[in-house]
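The listed protein sequences correspond, in order, to chains A and B.
Those letters in the first sequence? Residues 7 to 168, by the numbering used here.
Those letters in the second sequence? Residues 261 to 744, by the numbering used here.
Errors might be hidden in some of the hints.
Derived DEER-like restraints, expressed as beta-carbon distance ranges [stated by the list, open to error]:
1) B:480 - A:73: 46 to 52 Å
2) A:125 - B:480: 44 to 50 Å
3) A:114 - B:390: 54 to 60 Å
4) A:58 - B:314: 32 to 38 Å
5) A:46 - B:390: 38 to 44 Å
6) B:690 - A:62: 44 to 50 Å
7) A:121 - B:432: 19 to 25 Å
Partner residues aside, some chain B positions facing chain A, computed with beta carbon under 7 Å [unchecked claim]:
8) 314
9) 338
10) 343
11) 346
12) 350
13) 351
14) 380
15) 384
16) 387
17) 688
18) 691
Residues from chain A that face chain B, not an exhaustive set, calculated with beta carbons under 8 Å [said to hold, decoys possible]:
19) 72
20) 100
21) 123
22) 131
23) 164
These are computed hints drawn from the structure, not numbers from a lab.
Ideal Cβ positions, reconstructed from N, Cα and C, are used throughout, including at glycine.
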Amino acid sequence: MTISSGQTVDKDDLNSDTNKVSTMNANQTAGGKSGQVDVVVFDLDSSTPEADRKIEFTPQDDLELQMIGLTVNGGFAGRAFTAELTVVGGVTKYLLDETVSVSHTLSGSSKESTRTTFTSATGRKVFLVRGVAYALTLSAASASATDLVQGTLYLRARRRRR
Amino acid sequence: MKRRASINVRTWARRNVWPLQSGELAVRPGLREVYTAESGRVVVAGFSVRNPFSGDVWHYVVDVASSGAADTKIRIYDEDFQAIQVYDTSADVRPRAVTHAVVQDHIIITSPDFPTVWGVIGSGITTAEKVDSVNTTRTTLDVPQGLCVSWADRCVIADGSSIFFSDAVTLSVGDPRAFIGDNQVSRPGVIYGLHVGAGGSLVVVASDGVWALPEDAAGAGQVVFGLWQRLTDHQASGFMQSCAVRGRIYGLTRRGYRLIDTQGTDEVLLDDPVMPRAIVGRIATEDYRAAGRMLASDLGPIVSLDDLDTFHMHDLATGATSWWEMLVTGEEGHVVGVLEENDGDVMLLTEKGGYRLFGNFDGDATSEDGTVAGVLAGVIPTPPGLSPVLRAVDWASDTQGDIEVSVRGTTKTKAPPQVGVVEGSSTWNGSDLWETPPLRSRRTRWSVRRDDLAVELSADNCLQRLGDTVDIEFAGPGARRASS
């Protein structure tokens with residue numbers, strides 16, 4: 007806060023700590039970075055090896071899970087798919103012992119997508135903890151290959167940067 | 261014949277007084293609102309937890325509906341009070357106490373009045389469900405409900421007269437939700453407080469005294485085994501009557517509070533002295549155990565007295581104590597929790613909001629909700645045979661506002677001139693040199709003959725220094741003094 011020459015000095019001007027509030031807000035805005043993790047598989051079927059339909063990642067910051075989504079293109083009605091987020095090594099506490107997944111069964115042959123959001127403060131709240139390895143895995147129930155299946159996580163860093 | 265006396269006022273009863281960091285007596289810092297309770301909700305408890313990996317601080321605030329069923333919820337906020345999660349405890353009574361335990365990266369939140377909650381630091385929370393013990397041959401119990409504390413890498417929960425110890429927890433083995441039957445201990449008294457004392461001992465504040473279990477009892481194996489030591493015969497009768505500050509345990513008594521982890525300690529008496537008053541009313545209650553709520557802060561113990569809309573602060577570093585009253589509009593000053601900022605500063609959490617202790621006025625970020633005045637009150641001892649006539653009172657402050665002096669319930673106001681920056685009148689000029697405002701004394705003149713000289717001294721505005729001494733001028737025995 008700068009006081010102009012000739013300006014009357016009031017209580018706020020003398021309180022330099024007021025600046026701290028605005029700095030905190032600015033830092034919070036700057037720290038609120040969004041990101042996403044994708045796994046895309048072509049010709050996915052029930053026999054596709056796990057290594058070909060899974061991506062492992064280790065967040066370098068605490069990340070708020072905002073959405074897990076699934077997009078499918080080029081299949082046929084009735085085929086079912088799942089995207090699931092897990093903790094590598096099975097330490098389930100890092101997902102609060104909950105199953106985080108989304109499933110979709112095609113109703114036709116055009117592109118379809120579905121998602122589960124976690125943005126409501128009153129709903130489930132899961133953070134991906136930095137330094138912990140997570141995996142996003144796709145799976146298909148059908149033995150017939152589907153052109154393209156994509157699993158997506160939307161993540162947001164809420165941590166304040168200093 | 262005139263007589264003068266200099267009286268040290270540092271021992272007088274205080275209202276809205278707090279020492280500066282350098283020790284000078286001053287009007288307390290402002291209380292600046294940084295969090296407002298949700299509409300239609302009343303905050304009943306709160307605490308802050310630092311993420312052991314990232315260093316971030318999150319605030320956990322427990323609130324209930326202001327009318328009707330309590331509908332108790334736990335709200336998690338980040339450091340800037342941006343909501344992260346609102347967890348419904350499914351409880352419909354106002355919790356009598358809420359405690360938490362951080363064990364490694366787990367957090368456990370318990371209350372006698374809602375099911376125990378579990379989560380991971382830096383993530384959300386959910387209902388705590390039992391987890392198998394590391395020793396799978398032992399039967400695990402449902403996660404108990406009651407008071408909790410983190411002790412020797414275990415979660416300890418007290419329910420009535422029973423104490424439950426969880427498995428020991430490391431980052432990869434053990435879980436604070438794993439309680440086996442062999443780790444349940446029954447005590448003779450009802451447990452109202454659970455703390456960790458100096459040396460890491462587990463301290464239980466119960467209806468039959470204060471007991472301690474040494475930390476090495478947790479190292480005997482999976483089952484906790486040790487001998488309980490009776491620290492004092494202090495008997496608790498309700499929740500929120502004790503707290504742990506800097507490894508020492510304080511407990512409310514009928515007249516105030518005292519250290520309860522050692523026998524024979526002196527009480528901190530909380531009643532204001534009996535004397536005529538004009539500036540602020542007297543604070544006193546029959547029994548602080550029944551009327552007060554005790555909270556721990558980094559500064560020292562805090563006692564909230566909701567019936568009188570005030571709370572008592574104790575700065576252990578300087579030994580200074582004072583009752584505080586809040587001037588924020590609509591605020592009653594019912595302190596229910598203490599939050600912590602990332603830099604370690606204390607924030608007070610009341611039923612209606614959260615407040616930082618800084619700045620020079622009460623209010624929110626910009627608006628001032630009233631002038632805070634620091635008040636010192638005491639009775640000047642006089643020889644009863646003298647029955648003197650008070651002629652003058654001299655006292656000093658560096659306030660830019662008013663000094664008030666009250667004798668026997670009559671108040672006189674003086675406005676001392678000040679140098680330096682004067683709020684609302686000084687104009688800024690980069691070439692000016694400003695001077696630290698000096699103490700300026702002001703004399704009020706009186707003609708009062710009294711054997712019981714009750715004096716109140718008051719100065720306006722936060723962080724303004726208050727003089728250590730008051731000068732009194734007498735003019736000999738009064739002409740109409742009472743005869744035998």
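Hints, verified against the model:
no.: 1; hint: B:480 - A:73: 46 to 52 Å; verdict: 48 Å, holds
no.: 2; hint: A:125 - B:480: 44 to 50 Å; verdict: 47 Å, holds
no.: 3; hint: A:114 - B:390: 54 to 60 Å; verdict: 45 Å, violated
no.: 4; hint: A:58 - B:314: 32 to 38 Å; verdict: 34 Å, holds
no.: 5; hint: A:46 - B:390: 38 to 44 Å; verdict: 40 Å, holds
no.: 6; hint: B:690 - A:62: 44 to 50 Å; verdict: 59 Å, violated
no.: 7; hint: A:121 - B:432: 19 to 25 Å; verdict: 33 Å, violated
no.: 8; hint: 314; verdict: 6 Å, holds
no.: 9; hint: 338; verdict: 6 Å, holds
no.: 10; hint: 343; verdict: 5 Å, holds
no.: 11; hint: 346; verdict: 5 Å, holds
no.: 12; hint: 350; verdict: 13 Å, violated
no.: 13; hint: 351; verdict: 16 Å, violated
no.: 14; hint: 380; verdict: 6 Å, holds
no.: 15; hint: 384; verdict: 3 Å, holds
no.: 16; hint: 387; verdict: 10 Å, violated
no.: 17; hint: 688; verdict: 4 Å, holds
no.: 18; hint: 691; verdict: 9 Å, violated
no.: 19; hint: 72; verdict: 12 Å, violated
no.: 20; hint: 100; verdict: 6 Å, holds
no.: 21; hint: 123; verdict: 14 Å, violated
no.: 22; hint: 131; verdict: 3 Å, holds
no.: 23; hint: 164; verdict: 6 Å, holds
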